[in-house]
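Colleague: Each chain is listed here by its residues.
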Amino acid sequence: MPSPALPDQLAEIVEDFQSLEEPDRLQLLLDFSRGLPELPERFLEHPELLERVVECQSPLFLTLELGDDKERTVRLFFSAPPEAPTTRGFAGVLLEGLDGLPARAVLEVPDDMPDRLGLTRAITPLRMRGMTAMLGRIKRKVREASA
Amino acid sequence: MAVETDPQQKFAEYAHPERLVSTQWLAEHLGTDGLVVVESDEDVLLYEIGHIPGAVKVDWHTELNDEVTRDYIDGPGFASLMSAKGISRDSTVVIYGDKSNWWAAYALWVFTLFGHEDVRLLDGGRDKWIAEGRELSTDPSTRPQSDYPVVERVDSPIRAYMGDVLAHFGKPLIDVRSPEEYTGARTHMPSYPEEGALRGGHIPTAASVPWARAAAEDGTFRIRAELDAIYRGEAGLKDGDEVVAYCRIGERSSHTWFVLTYLLGFTNVRNYDGSWTEWGNAVRVPIVKGEQAGSVPGIGA
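Protein chains in written order, with our numbering: chain A, 1 to 147; chain B, 1 to 301.
If we strip away everything but chain A, and leave its shape as in the complex, we get:
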């Protein structure tokens, strides 16, 4: 069964991971971890707007906003501490892969997307499930916000 296509910006990231050997894939994940931007000021003042993803092994908070445009453009915001680089890396991948997409495109991302990064040997199943949970949470929040 062919896997459903990914949005271009996410497909590019998956290809980048797939083109590397395992140690370099972890290095790339680390780059995403380092590149995760700080939260905008308005969330720092209102941490209650963020939602904790309990399935992640380290604290991760996320929230999103839907634009007023016709496509309901999705904007994502993540927060995770520096001592949780793997969790931050996953957040960085999802941010770069999903931010700015129309709501419908986010909802169509297949749930098994995290498994396509080629990290399932290097990273424990428990952690990979944390990333799957992040994606699930994003989709649920998009669904709620666009209902």
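No lab work stands behind these hints: they were computed from the structure.
It is possible that part of the hints are untrue.
[Claimed, not checked] One side only, chain A facing chain B, incomplete, derived with CB under 7 Å:
{"no.": "1", "residue": "P85"}
{"no.": "2", "residue": "A122"}
{"no.": "3", "residue": "I123"}
{"no.": "4", "residue": "T124"}
{"no.": "5", "residue": "M128"}
{"no.": "6", "residue": "T132"}
In this text, a Cβ means the ideal position worked out from N, Cα and C, and glycines have one as well.
Put chain B on the given structure of chain A with help from the hints.
Modeller: Coordinates of chain B only, in the frame set by chain A:
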């Protein structure tokens, strides 16, 4: 050659003071001949964002476990891992890691399965080193390859299988998971994902002593008197007891195994690494739900 031990008073009160070093001791001994520092974390990328200068990384998931069977690596596998890390049979190995040395203790337990003699923990682990503002490096450390002999793994003194636990009833069992996992209210750690155990509860007669009680606020081990109060006092362990500790997959109980064996001096402690992910899924093994420890199966109600 073994490197000298850390003489500090806190350690002297433990049964085996030679199994711990302080951050201060390590800072003073970095670079000593025969000393290898190993970082072993739960988070696979943590070493890369900064580690103790010269420390090598050992990843519990990809390097200590067999890739196919649920088991640890074998003698040749361990020998080649040690050689690649530049560890010799007579090296003094100091292991440290995140989360109060939870995974570091697990790595130390695996080193012990292969009888590596001089292996110690850094009291307080990674967090204490960082909290004290000590030096970190982001350069991956490479050590010259060593020639580590192939040593067969000897499981029975410190590792229990499910059959051993079934035969152990009547002797002390320690469940080191969270209270919610013990009672069966949940099958996984708070804030952690479900890991696939079908049933909730604990092994009959097991006492509940969550592993982290052995650690103080700063991640160091509690002093001898406090540990005695928890394990000999509350949990009722007595000298000469044979003890089996378990958790979910055997990592948290490695920490308790370390405490009981090296800090409190119990000589017959085994870690049941199959733990709840095996027991909670096995067919027809007895389980107790709720706060009561329960009785030995087949005896009493």
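Colleague: Each of the hints needs a verdict: does it hold here or not?
Modeller: How the hints compare with the structure:
1. P85: holds (4 Å)
2. A122: holds (6 Å)
3. I123: I123/A check passes; min Cβ-Cβ to chain B is 6 Å, inside 7 Å.
4. T124: holds (5 Å)
5. M128: violated (10 Å)
6. T132: Cβ of T132/A sits 9 Å from chain B, so the hint is violated.
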